[in-house]
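Peer 1: What follows is the residue order along each chain.
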Amino acid sequence: GAVVSQHPSWVICKSGTSVKIECRSLDFQATTMFWYRQFPKQSLMLMATSNEGSKATYEQGVEKDKFLINHASLTLSTLTVTSAHPEDSSFYICSAVQGALGNIQYFGAGTRLSVL
Amino acid sequence: AQKVTQVQTEISVVEKEDVTLDCVYETRDTTYYLFWYKQPPSGELVFLIRRNSFDEQNEISGRYSWNFQKSTSSFNFTITASQVVDSAVYFCAYSASKIIFGSGTRLSIRP
Numbered sequence: 011g012a013v014v015s016q017h018p019s020w021v022i023c024k025s026g027t028s029v030k031i032e033c034r035s036l037d038f039q040a041t042t043m044f045w046y047r048q049f050p051k052q053s054l055m056l057m058a059t060s061n062e063g064s065k066a067t068y069e070q071g072v073e074k075d076k077f078l079i080n081h082a083s084l085t086l087s088t089l090t091v092t093s094a095h096p097e098d099s100s101f102y103i104c105s106a107v108q109g110a111l112g113n114i115q116y117f118g119a120g121t122r123l124s125v126l
Numbered sequence: 006a007q008k009v010t011q012v013q014t015e016i017s018v019v020e021k022e023d024v025t026l027d028c029v030y031e032t033r034d035t036t037y038y039l040f041w042y043k044q045p046p047s048g049e050l051v052f053l054i055r056r057n058s059f060d061e062q063n064e065i066s067g068r069y070s071w072n073f074q075k076s077t078s079s080f081n082f083t084i085t086a087s088q089v090v091d092s093a094v095y096f097c098a099y100s101a102s103k104i105i106f107g108s109g110t111r112l113s114i115r116p
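Top to bottom, those sequences are chains H and B.
Each residue of the first sequence is one higher than the one before, counting from 11 in my numbering.
Each residue of the second sequence is one higher than the one before, counting from 6 in my numbering.
Wrong hints could be hidden among the right ones.
Stated by the list, open to error - Below, simulated DSSO-like cross-link-like pairs (lysine-lysine); rule was C-alpha separation at most 30 Å, straight line: (1) K103(B) / K65(H); (2) K8(B) / K65(H); (3) K75(B) / K43(B); (4) K76(H) / K21(B); (5) K75(B) / K76(H); (6) K21(B) / K51(H); (7) K51(H) / K24(H).
Rather than coming from a laboratory, the hints here were simulated on the basis of the structure.
Required output: the full structure, derived from the provided sequences and hints.
Peer 2: In structure tokens, the structure reads:
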């Protein structure tokens, strides 16, 4: 299957700093990438849908100024958690799709963010 | 609105037992896709299967099999002769305009 690389896998930062998470599709061009947040023992919560060259579409309740998404190329999307606070601590997962939504989503390994 | 329900929050069985994970969905769409993903303790979601709404054929892949029944809006997943390595959280998902994940079933296989 296709490979999606997510980096870093784990980050610890101080409150008030910004953290950037990268999501790359390694062997295919991803027309669409998704960012999810997962709390312990819970399901994935879609945060935003990212299309190359256009603004991300955020889900209701997700602060776009807090979670900045940039999809600069067909193989790279970034999520920046700005001015992180302890409540932003979570597991963030990206996925990439080639083509229409019914196509398979390939997931990155996730990033565990801990804000002190 | 679309909805995916996985009623089994946790399942624990002894190795070599068969186990079925249930998934029920709600939709008014005529065209949609259904998925199963596995999330091992490492965290990365692994794709297992995709089915479109026009293909009700059951699928078997090794010890894994899937039963899709539109009449009952169900897409159940069975593991035959379970192994410890099957221990993970399994998510059923639906997509038409956007993907919706069920709440997941935590499967523990005891040696």
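Peer 1: Could you run down the list of hints and mark each one as holding or not?
Peer 2: Hints versus structure:
no.	hint	in the structure
1	K103(B) / K65(H)	17 Å, holds
2	K8(B) / K65(H)	27 Å, holds
3	K75(B) / K43(B)	23 Å, holds
4	K76(H) / K21(B)	47 Å, violated
5	K75(B) / K76(H)	41 Å, violated
6	K21(B) / K51(H)	26 Å, holds
7	K51(H) / K24(H)	25 Å, holds
The earlier numbered hints that this structure contradicts are 4, 5.
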